[in-house]
Structure formats: C-alpha cells, structure tokens
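For this one, chain A is given, so just place chain B with the ligands on it according to the hints.
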Amino acid sequence: MAGIPIFEKHNTNKYNILYSDTMAKPKGSIIVDRERCKGCEICVPACPTGVISLAREVNSKGYHFSYMANPDACTGCTNCAIVCPDGVITVYRKKVST
Amino acid sequence: MAENTGIKDVVRDENLVYKKTSVLTDKVMHYCPGCGHGTAHRLIAEVIEEMEIQSGTIGVTPVGCAVLMYNYLDIDMQEAAHGRAPAVATAIKRLMPDKYVFTYQGDGDLAAIGTAETIHACNRGENIAIFFINNGIYGMTGGQMAPTTLLGMKSSTSPYGRDVHMMGNPLKMTELVAQLPGTWYVTRQAVHTPASVRKAKKAIRQAFENQKLKKGLSLVEIVSNCNSGWKMSPVDSNKWMAENMFPFYPPGDIKLEGKLVGKE
Ligand SMILES: Cc1ncc(C[n+]2csc(CCOP(=O)(O)OP(=O)(O)O)c2C)c(N)n1
Ligand code: SF4
Ligand code: SF4
Chain A
62 MAGIPIFEKH NTNKYNILYS DTMAKPKGSI IVDRERCKGC EICVPACPTG VISLAREVNS
122 KGYHFSYMAN PDACTGCTNC AIVCPDGVIT VYRKKVST
Chain B
21 MAENTGIKDV VRDENLVYKK TSVLTDKVMH YCPGCGHGTA HRLIAEVIEE MEIQSGTIGV
81 TPVGCAVLMY NYLDIDMQEA AHGRAPAVAT AIKRLMPDKY VFTYQGDGDL AAIGTAETIH
141 ACNRGENIAI FFINNGIYGM TGGQMAPTTL LGMKSSTSPY GRDVHMMGNP LKMTELVAQL
201 PGTWYVTRQA VHTPASVRKA KKAIRQAFEN QKLKKGLSLV EIVSNCNSGW KMSPVDSNKW
261 MAENMFPFYP PGDIKLEGKL VGKE
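Each protein sequence line maps, in turn, to chains A and B.
To convert a position in the first sequence, counted from 1, into my numbering, add 61.
To convert a position in the second sequence, counted from 1, into my numbering, add 20.
In isolation and in its complexed conformation, chain A is listed as follows:
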C-alpha cells in the first residue's frame, strides 16, 4: 500500500485510523440494565463496531436484553446509549496507548 497515506481525506473508514497500531485508541465498555431493557434492538444497528447482540436468555419481563457480544470492539462512542428509548445503557471510555 506504499504511497497511500492512511489519513487521506477521502478515507471514509475512520476505524482504520482509530485502530492503526501507532495511535492511542479508546477502549470502551457498556453496562446494560438488563431488567429495564425491552429488547427493542435499536442499539444493535446503532453500534458502528458491531458490539451488541440480544441475549438468548430473557429478563423477568420476558425480553431478550442486549449485551456486549463482542466487548473488545467497543470504543465507548455512546451511540447505543443515546438511541436507547429506555435509557438503560451506561457507557465508559478510557484512552489506552499502545
């Protein structure tokens, strides 16, 4: 890939940039309030890194609550939390330098 700089303006995949080996990358984590989650699934397509799935188990109301199926990919961007109609997601983020 010689000659193609990773920061080229039209590079639309910003995650290439975030995950390039030399950068400090944010490590995120979410906590889902399982009992309040209604399993609506709105957070799943909102996550840019495919972290969230619905659990096979259900909560006491019978809803398949959401959880981090792929926790290593979470950047703590808060997208999932801000689209959640029931406000059940809490987000943490820490900068980690490699």
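Any given hint could turn out to be false.
Straight-line alpha carbon distances no greater than 27 Å define the calculated DSSO-like cross-link-like pairs of lysine-lysine that follow [said to hold, decoys possible]:
hint, chain 1, residue 1, chain 2, residue 2
1, B, Lys-119, A, Lys-122
2, B, Lys-40, A, Lys-156
3, B, Lys-251, B, Lys-222
4, B, Lys-251, A, Lys-122
5, A, Lys-122, B, Lys-234
6, B, Lys-174, A, Lys-86
7, A, Lys-86, B, Lys-251
8, B, Lys-219, B, Lys-234
9, A, Lys-122, B, Lys-40
10, A, Lys-86, B, Lys-119
11, B, Lys-39, A, Lys-155
12, B, Lys-28, A, Lys-156
13, A, Lys-155, B, Lys-235
14, A, Lys-156, B, Lys-39
15, B, Lys-222, B, Lys-119
16, B, Lys-235, B, Lys-222
17, B, Lys-234, B, Lys-283
18, B, Lys-219, A, Lys-155
19, A, Lys-155, B, Lys-40
Computed, partial: chain B to chain A, Cβ under 7 Å [what the hints assert, rightly or not]:
hint, residue
20, Val-30
21, Leu-36
22, Tyr-38
23, Lys-39
24, Ser-42
25, Lys-232
Rather than coming from a laboratory, the hints here were simulated on the basis of the structure.
We treat Cβ as the ideally placed atom computed from N, Cα and C, and that holds for glycine.
Leaving out everything else, chain B with the ligands in the frame of chain A:
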C-alpha cells in the same frame, strides 16, 4: 498495553461518559419496546439537566400514549384535556413568565382534536415550546388514521390505505404554523439514529433557550415510529419511517429567528 486493559479497568467512575440523566425518574416507561416517545422524553430531560432548570420548568402532557409522561420526568407537570395543552401552557406561562413552559403532544392530540389550540397559541406568539411527536397515527387507541397519516398508509380505520378522495390529504401542521407571525423557531427532527438524536437534542435545547428571548413560540416536530400501530418490529419501523415519512415530512429547519428558511 491495550491487550491488558480489561473491562474492569474501563468500568470506573472516572471513565464514565454516558449515564441516564437524573431528571428522568427510575420508573420503567410503559411505552412499547423501541418507541420514539422514550427517546424524546430522555432528550428533553437531558436538556433540562444541562440548563439546570429542573425547578424552573413546567411541562404540559397530552392525551395519547404520552399521557403518563409526568411519571417519568422529575419536574412539575400538568395534564391537559385532549388537544388543549397549548391553551393550558399559555395560562401557565402568562401567570409565571419566568418559568420554562413546554407542551408534549402527539399528532392526534396536536393536529386533530387540538388544531385550534395549536394554531392560536402559535399565532398569538406565546413564549412556550411545543414538542410535537408525529407518528402518523393514533397510537394509544389502536392505530386509527390521524390527519398526519400518509396517503396510501394503512391504519385500523384505513385498512386499504389512506385514499385522498375519501379521507383527504395528510396535514403538515409544522409547515402550516411556520407561516404564522407568532412562531419564532420551527423545525422538524427525528430520533431514530445517533446523528438524528444529537440534532434533535440541539433543537430541543434551542426551543428552551428561545424562551428567554420572549420573541414567540418554538415548535419542534419529532417524526417518530409507532411500531405497534404500524405492526412492524422497532428496527423495521425506523427504516420504514426514513423511507416513507421523510419524503413527505423532511427533517430540517423550517423557520429560524422568525424567518422562513430559504425565503428572502
Ligand atoms: C375528548 C377525547 N376524545 C377522544 C379520546 C380518545 N383518544 C385518546 S388518545 C387519542 C389519540 C392519540 O393519538 P396521538 O396524539 O397521535 O398520540 P400517540 O398515542 O400516537 O402518541 C384519542 C383519539 C379522548 N381520550 N378524549
Ligand atoms: S459505546 Fe459505541 S462501540 Fe460501544 S457498544 Fe455502544 S455503540 Fe458500540
Ligand atoms: S402504541 Fe405506538 S406510540 Fe404508543 S407506546 Fe406503542 S409504539 Fe409508542
């Protein structure tokens, strides 16, 4: 080393970047899973928290699915008869002009039974905010056709789709009130994606900030889903909304600082 940073190192108070605002109570909202009402409530609560106006805000709730909104926001709220929220809010604001006063209304409430109250409050230029949740249907009572129902859209009272000859045209209340001299800020938003949520929150904030100016009414329409009434999954209903509602109800600002956008 990144590889060694586990969830326990991340989930710490000092790394907290988002949690539910305390202006929302801990009651579980009665809305159907994925309903936009919950997101709209949360954005209003977040703005109230950020502006530090929790004790200075009075909300007026509608009849419709959001009738129980007063259980979910930890602020003073008054329930109005169906469609009458702008009239009740007018009285509250005139008696207590220093309070931030808003109504929260569905399309059945605002654009059907409450059309007169809406238009006259807008035309009088009351210094209130109206948050208008347009899901194109009467959600609470079982998905009947509303004035806002799209042409061809199925509802329990238009099972073959809305037919213009029989049922007339859908009503763009937001564009209509933007024509009135009493409105200062009129915008249409949505809450189905992270980007739209961020924009809608800015609009809600603007509507609250405008009350300090005393220059007229602010109306923020939020195009939303009624996944139960539309008989779709929440994710599908948001897709359907973007594909079918947005061409007729396009998101964007309609009137800024008393001037129609794109005019003059
Ligand atoms: C005076 C009066 N007429 C009719 C009703 C029945 N009713 C209750 S809610 C509603 C419509 C609500 O629809 P909308 O405002 O769109 O809110 P949504 O439930 O979709 O959020 C109607 C007609 C009523 N409660 N009171
Ligand atoms: S915080 Fe962002 S990256 Fe992490 S799960 Fe939520 S949407 Fe995905
Ligand atoms: S009926 Fe429709 S508007 Fe009412 S809570 Fe359910 S999805 Fe929301």
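Hints, one by one, checked against the model:
1. B:Lys-119 with A:Lys-122: violated, 39 Å
2. B:Lys-40 with A:Lys-156: Answer holds: Lys-40 of chain B to Lys-156 of chain A is near 22 Å, not above 27 Å.
3. B:Lys-251 with B:Lys-222: violated, 31 Å
4. B:Lys-251 with A:Lys-122: Given pair Lys-251 of chain B, Lys-122 of chain A holds - Cα atoms ~21 Å apart, limit 27 Å.
5. A:Lys-122 with B:Lys-234: Violated - the C-alpha atoms of Lys-234 of chain B and Lys-122 of chain A are around 46 Å apart, more than 27 Å.
6. B:Lys-174 with A:Lys-86: Violated, because 48 Å separates the two Cα atoms, which is more than 27 Å.
7. A:Lys-86 with B:Lys-251: Given pair Lys-86 of chain A, Lys-251 of chain B is violated - Cα atoms ~42 Å apart, limit 27 Å.
8. B:Lys-219 with B:Lys-234: holds, 23 Å
9. A:Lys-122 with B:Lys-40: Between Lys-122 of chain A and Lys-40 of chain B the Cα gap is close to 21 Å, so the pair holds against 27 Å.
10. A:Lys-86 with B:Lys-119: Since the Cα atoms of Lys-86 of chain A and Lys-119 of chain B sit roughly 44 Å apart, the hinted pair is violated (cutoff 27 Å).
11. B:Lys-39 with A:Lys-155: holds, 15 Å
12. B:Lys-28 with A:Lys-156: holds, 14 Å
13. A:Lys-155 with B:Lys-235: Given that 27 Å is the threshold and the Cα spacing comes to 44 Å, the pair is violated.
14. A:Lys-156 with B:Lys-39: Satisfied, since the Cα-Cα distance of roughly 19 Å is no more than 27 Å.
15. B:Lys-222 with B:Lys-119: holds, 20 Å
16. B:Lys-235 with B:Lys-222: Cα-Cα ~19 Å, so holds.
17. B:Lys-234 with B:Lys-283: Roughly 23 Å between the alpha carbons, so the hint for Lys-234 of chain B and Lys-283 of chain B holds.
18. B:Lys-219 with A:Lys-155: Answer holds: Lys-219 of chain B to Lys-155 of chain A is near 26 Å, not above 27 Å.
19. A:Lys-155 with B:Lys-40: holds, 19 Å
20. Val-30: holds, 4 Å
21. Leu-36: This interface hint holds because 6 Å falls under the 7 Å limit.
22. Tyr-38: Constraint on Tyr-38 of chain B satisfied, holds at 4 Å.
23. Lys-39: holds, 5 Å
24. Ser-42: Where the cut-off is 7 Å and the nearest Cβ of chain A is about 11 Å from Ser-42 of chain B, the hint is violated.
25. Lys-232: violated, 26 Å
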